[in-house]
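Those letters in the sequence shown? Residues 3 to 198, by the numbering used here.
One should not assume that every hint holds.
Unchecked claim - Pairwise CB distance ranges, derived in the manner of DEER restraints: (1) D52 / T130: 38 to 44 Å; (2) S84 / R48: 18 to 24 Å; (3) T106 / N138: 21 to 27 Å.
If you are wondering where the hints come from, they were derived from the structure by calculation, not from laboratory data.
Note that the Cβ used here is the ideal one computed from N, Cα and C, for glycine as well.
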Amino acid sequence: MSVKHSLLALLERGPAYGYQLRAAFESATGNTWPLNIGQVYTTLNRLERDQLVEALPENDSGQRPYRITESGRRQLAGWFASPVQAADRPRDELTIKLALAVTTPGVNVADVIQRQRTATLRLLQEYTRLKAAEDNAELAWRLVLESMIFRAEAEVRWLDHTEAVVARTGLPAPRAYDPEPGPADRPEPEILRENR
């Protein structure tokens, strides 16, 4: 998530100070990504340094609003015009957990999958309940909520697929790591395999 671009988008609506920006961001995302106020002001300082926003004079309450500059508008337009790039490699904790589970001695992979599936299905039910209860919610919040629903559904499908692959593979129980493999554990030299 780009806090920088999120703040620029919010400032495109009009000048605002840090607490207003945090509240607007959390409202638009249904409080799914809470922002630390320190992060907001640190980002605003960087945006000001880069001349993407400018600070306005303090108001009567002592708050300093910011407004987007033309450079900020160009930066924001470029962000909206560019597709979001997925990471080169999966860094998702669940993916890593299951990749390690299939190779770690003593781990019941089916149990790990089932626990995650149960948790994800509960979350999916909660998201679906929220969607039904907030049928007239703001469009921004509905889009965020629907994104979470689709991601949870995809995770359940991936878990089902992973469970089927693990079952088909018939994984033997992983062995303890032996830093010094014995003769039987060493791969056969390629020349011996070719002469068979």
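**Report entry** CB-CB spacing for N138 and T106 relative to the 21 to 27 Å hint
**Finding:** At roughly 48 Å between Cβ atoms, N138 and T106 fall outside 21 to 27 Å, so the hint is violated.
Query raised in the report: Measuring from beta carbon to beta carbon, are S84 and R48 in 18 to 24 Å?
Result: holds (20 Å)
**Report entry** Range agreement (Cβ of T130 with Cβ of D52, hint 38 to 44 Å)
**Finding:** holds (41 Å)
The structure fails hint 3 only (numbered hints given earlier).
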